[in-house]
Amino acid sequence: MRIYKKIAALALSGVMTLGLMAGCSTTETETTPTTAPTVNQATSPTESEGASEANGLNAPITVISREEGSGTRGAFVEIMGVVDADEVDATVQTAEVVNSTAVVTQTVAGNQAAIGYISMGSLDGTVKAVAVDGVEGTVENVKNGSYTVSRPFNICYKEEKLTDLGKDFVKFILSADGQAILGEKYIAVEGNAEAYTASGLTGNLSINGSTSVGPVMMELAEAYMNLNSGVTIDVQQTGSGAGITATMDGSCEIGMSSRDLKEEELAEGLTPVKIAMDGIAVIVNEANPVTGLTTEQIRNIFLGNTTNWSELG
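According to the numbering used here, numbering within the sequence shown proceeds without interruption in unit steps and concludes at 320.
Mixed in with the good hints there might be a few duds.
Stated by the list, open to error - Derived pair list, reagent style DSSO-like, types lysine-lysine, alpha-carbon separation capped at 27 angstroms: (1) K178 with K135; (2) K269 with K150; (3) K135 with K150; (4) K269 with K135; (5) K281 with K192; (6) K174 with K269; (7) K281 with K178; (8) K168 with K269; (9) K168 with K178; (10) K269 with K281; (11) K150 with K178; (12) K178 with K192; (13) K150 with K281; (14) K135 with K174; (15) K192 with K174; (16) K165 with K269; (17) K269 with K178.
No wet-lab data here; the hints were simulated from the structure.
For clarity, every value in this text was computed on a predicted model and none was experimentally measured.
Whole structure, please, built from the sequences with the hints as guidance.
This is the structure we're talking about:
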């Protein structure tokens, strides 16, 4: 009898243990969260209609913006009309503000619901550029004017503070050699420029400014230093506004800007020189099914009037 009772107790204990294990397993499965944006997910009729309007993406829009003072931001909000009644930048307050082209790209690449803007020449295949008003952002379309989201690449300096080395580097940028480098990703401005002849100058040159102009400026600097081995060029990418300020106060010799200089900046004695033209690409995540937007849709997104991808027709 004792043996029978012991076996029954063990059997009951085993059943209880299995029941507890099954309960734990069920609870864990039921509470696993799902945080990814909904794409082509079966929903109620009302939700399904909204999702289809956004080509299958139903998620809050994450707006990625450059910082105030960025030349890319200044040009973008002006062209797209992301301004208030006084023509002041009115980018939505909930936007994620980042301080470089690279960080905009990385942020959009890591967020399926994000949208941002960068230099067209900085596209690296990790994000998708959308067509604007039905026009693809290409060098040819910027050239012929059909892609209207474009701006100049400028350098600036103070004439009286520009050294012989600085003058020679500017000469190189505007030469056939320099314009060929710029023309690989951007639109050259000097079509009949002469070839550059190495000067043999030596010394150090400091350049500061736009994170859009910065990458191609580094290519120009490297090419120039290869031709003039006694020269060292330091290129800092801190944003157009910071670069212009550094040029005005003498912290650097040449500034880089991805926008036109303002009247008050010109009044400080700066000389601007256009070195190329560039398009501004409106970018989304590769997984976002949207391939094109109108200027009005983009404006409303960055003003905060449109907050979910499902609102777009």
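Hints versus structure:
1. For the suggested pair K178 and K135, the alpha carbons sit about 36 angstroms apart, so the restraint of at most 27 angstroms is broken.
2. About 24 angstroms separates the Cα atoms of K269 and K150, which keeps this hinted pair within 27 angstroms; it holds.
3. At roughly 21 angstroms between alpha-carbon atoms, K135 and K150 fall within 27 angstroms of each other, so this suggested pair holds.
4. With a C-alpha separation of about 32 angstroms, the suggested pair K269 and K135 falls outside the 27 angstroms cut-off, and the hint is violated.
5. Using a Cα cut-off of 27 angstroms, the hinted pair K281 and K192 holds, with the two alpha carbons roughly 16 angstroms apart.
6. For a cut-off of 27 angstroms, the pair hint linking K174 to K269 stands: about 23 angstroms separates their Cα positions.
7. For the suggested pair K281 and K178, the alpha carbons sit about 12 angstroms apart, so the restraint of at most 27 angstroms is met.
8. Our distance criterion of 27 angstroms between C-alpha atoms is met by K168 and K269, whose separation comes to about 20 angstroms.
9. Between K168 and K178, the direct Cα distance comes to roughly 16 angstroms. Compliance with the 27 angstroms bound is thereby established for this hinted pair.
10. Between K269 and K281 the alpha-carbon distance is near 14 angstroms, which keeps this suggested pair within the 27 angstroms criterion.
11. Annotation: proposed proximity of K150 to K178 holds, straight-line Cα distance about 24 angstroms (limit 27 angstroms).
12. The straight-line distance between the Cα atoms of K178 and K192 is roughly 20 angstroms, inside the 27 angstroms bound, and the hint therefore holds.
13. Pair hint K150 plus K281 holds up; C-alpha atoms about 15 angstroms apart against a cutoff of 27 angstroms.
14. Distance hint between K135 and K174 is unfulfilled; the C-alpha atoms sit about 39 angstroms from each other, more than 27 angstroms.
15. Restraint check for K192 and K174: the C-alpha separation of about 24 angstroms stays at or below 27 angstroms, so the hint holds.
16. With a CA separation close to 15 angstroms, the supplied pair K165 and K269 stays within the 27 angstroms bound.
17. Restraint check for K269 and K178: the C-alpha separation of about 24 angstroms stays at or below 27 angstroms, so the hint holds.
Comparing the model with each earlier hint shows violations of hints 1, 4, 14; every other hint is respected.
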